[in-house]
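Student: Each chain is listed here by its residues.
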Amino acid sequence: MFDPLMIGRFTVITGHYGSGKTNLSINLALDLTATYDEVLLVDLDVVNPYFRSSDYAVMLEGHGVRVISPTFAGTTLDTPSLSAAVHGAFDTSGAVIFDVGGDDVGATALGRYSKEISAIDYDMLYVINHYRNLTAEPAEAAALLTEIEAACHLKATGVVNNSHLRDETTAATVLDSLDFAGQTAALLGLPLRFTTVPKRLAQEISGIPGAAGLMENAYPIEIHVRTPWEEAS
Amino acid sequence: MKGNEALAEAAIRAGCRFFFGYPITPQTELAAYMAKRMPKEGGVYLQAESEIAAINMVYGASAAGKRAMTSSSSPGISLKGEGISYMAGADLPGVIINVQRGGPGLGGIQPSQSDYFQATRATGHGDFHLIVLAPSTVQEMTDYVFRAFDLADEYRTPVMILADGMLGQMMEPVVLPEPKTEFPAKPWAVTGHKGQRTHNIVNSLHLKPERLEETNVERYQRYDRIKATEQLAEEYRVEDAEIVVVAFGASSRIVRSAVNKAREKGIKAGLIRPITLWPFPADAISAATDRAKAILTVEMNMGQMVDDVRLVVCGRVPVEFFGRAGGIIPTPAETLAVIERIAASLEGGAR
Numbered sequence: 455m456f457d458p459l460m461i462g463r464f465t466v467i468t469g470h471y472g473s474g475k476t477n478l479s480i481n482l483a484l485d486l487t488a489t490y491d492e493v494l495l496v497d498l499d500v501v502n503p504y505f506r507s508s509d510y511a512v513m514l515e516g517h518g519v520r521v522i523s524p525t526f527a528g529t530t531l532d533t534p535s536l537s538a539a540v541h542g543a544f545d546t547s548g549a550v551i552f553d554v555g556g557d558d559v560g561a562t563a564l565g566r567y568s569k570e571i572s573a574i575d576y577d578m579l580y581v582i583n584h585y586r587n588l589t590a591e592p593a594e595a596a597a598l599l600t601e602i603e604a605a606c607h608l609k610a611t612g613v614v615n616n617s618h619l620r621d622e623t624t625a626a627t628v629l630d631s632l633d634f635a636g637q638t639a640a641l642l643g644l645p646l647r648f649t650t651v652p653k654r655l656a657q658e659i660s661g662i663p664g665a666a667g668l669m670e671n672a673y674p675i676e677i678h679v680r681t682p683w684e685e686a687s
Numbered sequence: 007m008k009g010n011e012a013l014a015e016a017a018i019r020a021g022c023r024f025f026f027g028y029p030i031t032p033q034t035e036l037a038a039y040m041a042k043r044m045p046k047e048g049g050v051y052l053q054a055e056s057e058i059a060a061i062n063m064v065y066g067a068s069a070a071g072k073r074a075m076t077s078s079s080s081p082g083i084s085l086k087g088e089g090i091s092y093m094a095g096a097d098l099p100g101v102i103i104n105v106q107r108g109g110p111g112l113g114g115i116q117p118s119q120s121d122y123f124q125a126t127r128a129t130g131h132g133d134f135h136l137i138v139l140a141p142s143t144v145q146e147m148t149d150y151v152f153r154a155f156d157l158a159d160e161y162r163t164p165v166m167i168l169a170d171g172m173l174g175q176m177m178e179p180v181v182l183p184e185p186k187t188e189f190p191a192k193p194w195a196v197t198g199h200k201g202q203r204t205h206n207i208v209n210s211l212h213l214k215p216e217r218l219e220e221t222n223v224e225r226y227q228r229y230d231r232i233k234a235t236e237q238l239a240e241e242y243r244v245e246d247a248e249i250v251v252v253a254f255g256a257s258s259r260i261v262r263s264a265v266n267k268a269r270e271k272g273i274k275a276g277l278i279r280p281i282t283l284w285p286f287p288a289d290a291i292s293a294a295t296d297r298a299k300a301i302l303t304v305e306m307n308m309g310q311m312v313d314d315v316r317l318v319v320c321g322r323v324p325v326e327f328f329g330r331a332g333g334i335i336p337t338p339a340e341t342l343a344v345i346e347r348i349a350a351s352l353e354g355g356a357r
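Line order of the protein sequences matches chains A and B.
Here our numbering is used: the first residue of the first sequence is 455, the next is one more, and so on.
Here our numbering is used: the first residue of the second sequence is 7, the next is one more, and so on.
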């Protein structure tokens with residue numbers, strides 16, 4: 455099983471639109487509260503109007519995660535602006551997760567902090583989903599990271615395989631994505647840090663012969679990011 | 007895929023090679039996707055100087071016989087209204103996507119269904135209708151766009167996809183259709199007569215009122231054919247429903263959850279989800295009304311489609327309305343509470 459403490463104290467989450475960055479960020483932040491006195495989740499998404507970390511601020515703060523949101527997140531204002539409070543992330547000794555907007559467009563906002571981030575020991579994880587259109591092939595997924603790195607002036611330190619089909623995700627969905635994830639990481643010359651597995655599937659997958667290797671490196675996650683008509687898990 | 011991306015990919019697979027847009031939240035991913043994909047397909051992606059320019063570019067490409075599309079969100083669709091009216095007046099096919107946000111005015115960027123009247127009644131000036139399709143899933147966004155281009159060509163009319171910000175922004179798995187390779191002939195298109203035939207004219211200007219009336223009458227005969235053959239609605243647990251809830255798009259997803267919960271509580275509730283908002287699925291709603299004791303319409307606006315429902319029900323049973331506005335999505339719980347209140351009033355003999 456992957457231990458969330460294996461990621462850096464200061465971790466940046468990047469990836470394609472809808473690759474699952476926000477859901478992963480929420481899981482990591484919640485898990486890190488078990489170890490760190492302070493956990494900061496910085497919603498740096500100035501591109502996406504909905505389905506973002508700030509939407510889950512009440513739940514997160516109830517669990518001891520401090521959420522820093524763009525100034526007008528969740529309002530009807532379409533005014534991308536970053537809060538001065540983001541700088542607090544560089545003063546804490548606690549854990550920090552940066553949830554960055556999708557693609558190179560979203561990563562541009564991260565570039566604003568590239569000097570500060572470069573100066574510290576950071577992790578930048580690139581989240582991939584084999585089932586996303588336009589990044590379904592290793593070469594496509596690898597090319598997108600190049601665009602993201604150019605936009606944010608930071609280099610990724612690892613790949614996270616978050617391949618899923620939302621509620622339709624099965625054990626096979628996860629297992630069939632492993633080659634893609636391995637090839638993408640190899641193309642990028644980066645380690646595949648972990649593969650996410652929905653908690654409801656973890657037991658089933660660990661029972662599958664040949665899945666032992668996957669489970670060693672699996673991070674079981676809850677699905678928090680949902681539509682208003684779906685029951686919370 | 008994200009809803010907005012699915013709208014774009016489906017258009018490309020339906021043979022659309024001309025996309026003219028202008029950015030506006032919450033539909034911008036559609037244009038961004040087109041900007042990436044269109045050049046690879048040998049198509050044209052052009053960010054126009056305004057919404058008005060974009061719709062007139064669709065007019066031009068369509069007049070030349072090409073499959074063309076534009077997309078926007080509520081305030082941008084208002085700007086396109088004139089051009090859409092010109093397309094209807096010139097009998098030009100084309101697909102217009104509205105990923106609605108809250109209004110009126112600049113409103114907000116959160117999801118809404120408050121452009122129902124605009125889409126089904128008066129998208130622009132003059133006597134005309136659009137065919138209006140309302141998806142409720144990302145799969146349907148794909149399928150309806152694919153279908154929209156065929157309907158537009160078949161009836162020579164603009165077709166609107168009326169989505170909303172929630173559908174545009176959400177992610178769901180999608181099965182994409184195989185790309186279309188055969189297209190209907192368009193002998194009316196202005197492609198150059200090369201001295202081989204008489205001039206084709208694409209125009210909405212008629213100097214003689216008699217001729218203008220003729221075009222209107224012919225168009226409304228076409229609308230009658232559309233009303234007779236193209237009405238579409240999904241029925242969910244309607245067979246024995248005493249309370250029939252009518253909802254389209256994202257709000258139908260909420261209602262589906264509420265109907266399931268109502269059934270668990272022994273309330274015979276069902277859902278009719280209009281797929282075509284114009285032509286309005288009057289036949290399905292009328293048939294359900296014969297068996298129902300009450301109708302409830304749920305919308306993300308102050309009450310628009312409920313007018314069409316009342317016209318169909320025509321006083322046979324009470325028609326109630328529940329809606330949230332300003333970009334707020336009704337919750338399944340508050341929708342269930344309304345259904346329960348209606349169920350209680352029926353039991354109390356309040357009819």
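Be careful, since some hints might not be right.
Calculated pairs, SDA-like style, for lysine to any residue (alpha carbon to alpha carbon, straight line, at most 25 angstroms) [stated by the list, open to error]:
| hint | chain 1 | residue 1 | chain 2 | residue 2 |
| --- | --- | --- | --- | --- |
| 1 | B | K46 | A | E684 |
| 2 | B | K42 | A | E684 |
| 3 | B | K267 | A | E601 |
| 4 | B | K46 | A | K653 |
| 5 | B | K274 | A | S568 |
| 6 | B | K42 | A | D621 |
| 7 | A | K653 | A | A604 |
| 8 | B | K46 | A | L588 |
| 9 | A | K609 | B | K42 |
| 10 | B | K46 | A | D621 |
Derived, one-sided and incomplete: chain B residues facing chain A with beta-carbon distance under 8 angstroms [to be verified]:
| hint | residue |
| --- | --- |
| 11 | E11 |
| 12 | S263 |
| 13 | K267 |
Covered by chain B, according to a simulated footprint, are these stretches of chain A (three or more residues, beta-carbon under 8 angstroms) [to be verified]:
| hint | stretch |
| --- | --- |
| 14 | 514-521 |
| 15 | 617-623 |
| 16 | 648-657 |
No wet-lab data here; the hints were simulated from the structure.
Even glycine gets a Cβ: it sits at the ideal position worked out from N, Cα and C.
Student: Evaluate each hint against the coordinates.
Tutor: So, going through the hints one by one against the coordinates:
1. K46/B to E684/A: violated (37 angstroms)
2. K42/B to E684/A: With Cα atoms ~32 angstroms apart, K42/B and E684/A exceed 25 angstroms; violated.
3. K267/B to E601/A: Since the Cα atoms of K267/B and E601/A sit roughly 46 angstroms apart, the hinted pair is violated (cutoff 25 angstroms).
4. K46/B to K653/A: violated (39 angstroms)
5. K274/B to S568/A: Roughly 58 angstroms separates the two Cα atoms, so the pair is violated.
6. K42/B to D621/A: Not satisfied, since the Cα-Cα distance of roughly 28 angstroms exceeds 25 angstroms.
7. K653/A to A604/A: violated (35 angstroms)
8. K46/B to L588/A: OK: K46/B and L588/A at ~12 angstroms, within 25 angstroms.
9. K609/A to K42/B: holds (24 angstroms)
10. K46/B to D621/A: violated (32 angstroms)
11. E11: Holds - the Cβ of E11/B comes within 8 angstroms of chain A, reaching about 6 angstroms at its closest.
12. S263: Holds - the Cβ of S263/B comes within 8 angstroms of chain A, reaching about 5 angstroms at its closest.
13. K267: violated (10 angstroms)
14. 514-521: Violated: only 0 residues of the stretch 514-521 of chain A have a Cβ under 8 angstroms from chain B.
15. 617-623: The restraint on the stretch 617-623 of chain A holds, since 3 of its residues have a Cβ under 8 angstroms from chain B and three suffice.
16. 648-657: Violated: only 0 residues of the stretch 648-657 of chain A have a Cβ under 8 angstroms from chain B.
In terms of the numbered hints stated before, the structure departs from hints 1, 2, 3, 4, 5, 6, 7, 10, 13, 14 and 16, listed from lowest to highest.
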